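Chemist: Listed here are the chains, written in short residue letters.
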Amino acid sequence: MTLFFLGIALILAGGLAAALLRRRPALADRAFGVLVAGGCALGLVPAVAALAGRDVAEISFAMAMPGGPWAFGIDGLSAFFLLIVFGVGLASAIYGLAYLAVERRGGHRPVATSHLLMAVVLAALVLVVTSRAVVPFLMAWESMAVLAYFLVVFESEKADVRRAGLVYLIATHTGTLALFAMFAFWGRFAETLSFDALAAGAASLPAGGALVLCLALVGFGLKAGLVPLHFWLPEAHASAPSHVSALMSGVVIKMGIYGLLRVVSLLGAPPAWWGWLVLIVGVLSGVLGVVWALAQHDLKRLLAYHSVENIGIILLGLGVGALGMSYHLPVVAALGFAGAILHTLNHALFKSLLFLGAGAVYRATGTRAIDRLGGLARRMPLTWVAFLVGSVAIVGLPPLNGFVSEWVVYQALLRSGAAEQGGPLRLAVLGVAGLALIGALALACFAKVDGIVFLGTSRSAEAAQAREVGKAMLGPMFALALACGAIGLAPVLVVHPAVSAGALIAGLPPDAIGAAGGEVLRAMAWIAFLSLALIVLLALGWRAWAALRRRRPPVPAETWGCGYAEPTPRMQYTASSFATPLLASFGSVAGVHESRHGGAFETHASELVLDNVALPLWSVVQGLAARLRPIQQGRLWIYLVYLMAALLLLLLYLATSGGTTSP
Amino acid sequence: MTWTPLVALATLLVVAPLLPGVATKTRALLTGRRGPPVLQLYWDLGKLLRKGAVYSTTTTWVFRLAPVVVVATALLAASVVPLDGRSALVSFTGDLVAFAYLLALGRFMLVLGGLDTGSSFEGMGASREVTFSSFAEPALFLCFAGLTLATRGLSLTGMLGSPLAAAWPAAAPSLAMIGVSLFLVLLAEASRVPVDDPATHLELTMIHEVIVLDHSGPDFALILYASALKLALFGALLVGVLVPRARLPGPAAIAVLVLGLVVVAVLVGIVESSMARLRLSRVPQFLIAASVLASLGVILLLMT
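Protein sequences, first through last, are from chains A and B. Each residue of the first sequence is one higher than the last, beginning at 49 in this note's numbering. Each residue of the second sequence is one higher than the last, beginning at 3 in this note's numbering.
Heads up, a few of these hints could be off.
[Stated by the list, open to error] A few chain B residues that don't get close to chain A, going by computed Cβ distances all over 10 Å: (1) L11; (2) T33; (3) G34; (4) A168; (5) G181; (6) A257; (7) V265; (8) V268; (9) P286; (10) L302.
[Stated by the list, open to error] Pairwise CB distance ranges (calculated): (11) A:Y612 / B:G34: 34 to 40 Å; (12) A:L430 / B:L8: 39 to 45 Å; (13) B:A12 / A:G647: 53 to 59 Å; (14) A:Y612 / B:W45: 30 to 36 Å; (15) B:H203 / A:E614: 23 to 29 Å.
[Said to hold, decoys possible] On the chain B side, residues computed to face chain A include the following (Cβ under 10 Å): (16) K49; (17) F123; (18) S135; (19) S218; (20) L303.
Read the hints as simulated data drawn from the structure, not as lab findings. Since we're looking at a predicted model, the values are computed, not measured. For glycine and all other residues, C-beta sits at the position ideal for the given N, C-alpha and C.
Start from the sequences, fold in the hints, and give me the full structure.
Modeler: So, in C-alpha cells, the structure goes:
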C-alpha cells in the first residue's frame, strides 16, 4: 500500500507541476507526463500483485470522526478497476498534453488547470475503488464527480457545453443523494460505517436489502448511465475535450459498475427479482443504446451512446451473476460477474481508444459531423488503423478483447440454461438473443462510422485537407490498441483473475467453480489458438494474393457508377441513409425525426428521455425550488444565523440521541 | 484422434460450390428452363482465378484485404462445426459464439470493403446487409439456446454430437421448430430468396451482389467461394440438428452430410421458384418470425 500512496502523491505532484510551471509549457508538460506516468506505474504494482493472487495489506487511519476509521485496501475487484484507472487514465492524460497544446496559442482556455484537474480526478478515482469505509468513499466519489464537471466544461464559452455540464452536474448530484440515503439507511444496521461492518450488518437489513439495492441501482446507475438514467451522458461526453471524454466514458462511468459490484459483494445474495431487473435493464440499455447511437450524426455523441450500450452488456453479466447467487449456482454467479468485470476493463480500453481517435479526427478536420468527413483512411492512415482496431474490438469480434468478454457473458447465460437445478434461472438463457442483437447492431453502427468517416472520398474541404496527427497523440492510441490485441491473443491472462474476482464478489472461494473453471481456461487456450490461426491465415492469404497481383497487375479504374464517369463525393451513401433501414424497423423508439423539403431529406436524432422525462421533471423541481427563494436574502448576517441555527440543531440532536451513534 | 473431422471438413470445402448450382438448377427445372450446369460455380471460380483484377482508384488496402478475411473467417468457423455428426476439428465450451462472431468479422470486413469504393450502390448493399443480419443473429442464437436446453451441451460438438439423438424423442417439437428457424436464418445468411435474390440484375434491388459490385478477378472468386461456403456451413448446422449421425460410422456420416446438403440446396431452389423476394421493409419481419419460432421452441423446452 505504501507504493500505492506514493503513486497517488506522484500523480498529484504531476498535476501541481503542470499548474505551477504554466509559464514554461514545455517543461510543465514534461514534468506532468513523467510524474503521472511514474505515479501510475507505481500504483500498478500492488494492483498487479493483487491480481496475481497475492494479498495486499489493508491500511487504516483512525479519524476523530463519526463513521469509524478510514480504511483502504486492494482486493481482486479493486485491482481490476485500478488497472483501468491507471492504464486508461495515463493514456488519456498523456494524450491530453498534445491535444490541449493547440489551445495554448489561443490563450483563453485554462489548459494548465485542466491538467491539474485531470491529475486530481485520477487520484479521486483511485481512492473510490480502494476505499473500505463509507466516509472516504463518498468524499472521493464526490470529488471525482464535481471535478469531472470542470473538466467537461473546458470550452465553457459555448452555450451547449455549459448546458451539458449543468445537466451532468444535476444528474451526478441526484445520484450522490441516492448513495447518501443508501449508506445512511444501511449504517443503521451496522456497528460502524466501514465496509466490513456494513457487510456484517447486511443480514439484518429488512426485505433482503431491497431498499439498499434499489437505491444502489439509482445512485450507481446514474453514474453508469443505464437506460433510462443515461440522459446526461451523451451530451456531456460529446462536449468534453476528447481525452476527457475518453476518461469519462472509459473510467468514470465504470465507477457506477464498481459500486454495484461492491454493494453486491458486501450484501451477499440479492433477492432474485433484483437480478432479473438488472438483466432486463441491461438488455434494454444495450439495445436502445446502440439504436440511438445509430441515429447520431456527431461522431462523439455516437461513441457516447455506445457507452450506454456497453454498460448494458456489463449489466447483463452483472444481472446473470446476481441471479446465480440468488439461485445458488456458483458457476453462473462467478462467470456472470467475471464477464461484467472483464467487459468493464475491455470497454475502458477500446472506448477510450475510439474517443482518442475521434479527437484526432476532430483536431485534423475541425468537425465532428460524420457526414462532412470521408476518405480519412488515406489522409490519416495510422489513426485509421488504431480506430479500426477499436471498432473491431467494440463490436466484439475476434481476434480482439471485446470478443473475450462477450464470450464470458455468453458463457454465463448459456450455463444458466444448461444448469440441472436451474429452475427459473434457466429462463436467463433467452438473454443470449439480446446479446446477439446488441452485437449485430453494434456491427451495423461501426460499419457506418468506419465506412462513412474513413472510407470512400472526402465529403468536405476540411476532410480533404486533413493531416495525420503527431506521435504524441498516436502513441497513447497505439498503446491502447496493443492492449486490446494482447487481451485478444492471450485472454487467459485476464480471464483467470476475472473469474477469481467474480468468485470473490459472489462470496465464494476462488476454486469454488471447480471443473467449469478448467473448461473456461481450456476454452481461452482455444480462443487464443483461433485468433492466432486467423492472423496466420490472413498473413498467408495476403501474401498469396499479393503474389497473384504481381503476376497480373491490377487495372485501376473508377468506381462502377452504371457507366456514369464523373462521380462526385456527394454521390456517396451518407450516414443518414446507411442507418435509415435499421432505424425504420425500430420505429418511434429510435427517436428519429425525418424532414423533407424540396429535394432535400434530413434526419435528426432526438433525446427521448432527456426531452420527454428529465427536462419536464426538472421544471417541476425548479418550480418547487422557487418557493424556497425567500430564504435567500443575499445578506451576510442572515447566512450567519442559518449557520448558527444548523449548529444548534446538531447539538440538540446529539444531546437527545445520547452521544454519537458509532464508537 | 480420428481423421473423420478433417475428412469431413475437406469434403465440405470441396462440395460447397456445388450447392448454389444445385439450388439454381432446381429453380430452373421447376420454372421450365434448362438452367446453367450444376457445376457452373466451379468453372466460374476457375475462370476468375485466372483473370486479373480491376481496382477502383478510390479503394485502399481494406478493399483488398476484405475477400481474404471473408474466406479465412468462414474456414475457421467451419472448424468448430461437428460436420461428421460427432465431433468438430476444434471444440471447446462456448465455441458457438466463436462460430457466429467469426462469420460476423467476415461480414464486417466485407461491408467495409464495399464502403471503401465510395459508391452509393455498395453503400446501399452494405446498409441492407447489416440491417438484415441484425435480425438474423438473435434467431441464430435462440436456436443455439434451444439446443443447449435440449442437450445440456455448451459447444457445437456437445449440442450436435451424441446427446442430440437422445434428446430428439423428448424434444422433437422444439427441435423441429429450431430446424425451421435455422432454415430461415440460412436463407438470410446465404442471401437467397425471399431475403435476397442472387439472380437479380438491377443494382437497386440487390443486397449481397451489390456490396461486391466492384470486386473482380481472384478477389471476386474468393467472395463467391466464401458465400457458397457460408451456405454449406448453415446447411451443415441444419443437417446436424435434423439428422443426428453420432452412431453412424465416419464415412457414412460424411455421405449423409453431403446428401443432406444437396437436399437443403434443393429446398432452397424450391423456395426460390415458389415465391418472389420480399419487399425490403418486410425482411425484418420475416427474420423476426424466425426468432419467434426459435423462442417458442426454447419456451417449450423450459416448460418441461
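Chemist: A separate judgement is required for each hint: does it hold in the structure or not?
Modeler: Checked hints:
1. L11: holds (13 Å)
2. T33: holds (28 Å)
3. G34: holds (32 Å)
4. A168: holds (15 Å)
5. G181: holds (18 Å)
6. A257: With a cut-off of 10 Å, B:A257 remains clear of chain A, as the shortest Cβ separation is near 28 Å.
7. V265: holds (28 Å)
8. V268: At roughly 29 Å from the nearest Cβ of chain A, B:V268 sits farther out than 10 Å, so the non-interface label holds.
9. P286: Not fine: 4 Å to the nearest Cβ puts B:P286 too close to chain A.
10. L302: Per Cβ check, B:L302 is outside 10 Å of chain A; nearest 13 Å; holds.
11. A:Y612 / B:G34: 34 to 40 Å: Because 37 Å falls inside the window, the suggested range holds.
12. A:L430 / B:L8: 39 to 45 Å: Roughly 41 Å apart at Cβ, these two residues keep to the hinted range, so it holds.
13. B:A12 / A:G647: 53 to 59 Å: holds (56 Å)
14. A:Y612 / B:W45: 30 to 36 Å: holds (32 Å)
15. B:H203 / A:E614: 23 to 29 Å: Since B:H203 and A:E614 have Cβ atoms about 24 Å apart, the given range 23 to 29 Å holds.
16. K49: violated (13 Å)
17. F123: holds (7 Å)
18. S135: holds (6 Å)
19. S218: Since chain A brings a Cβ to about 9 Å from B:S218, closer than 10 Å, the hint holds.
20. L303: holds (9 Å)
The structure is inconsistent with the numbered hints 9 and 16, although it conforms to all the rest.
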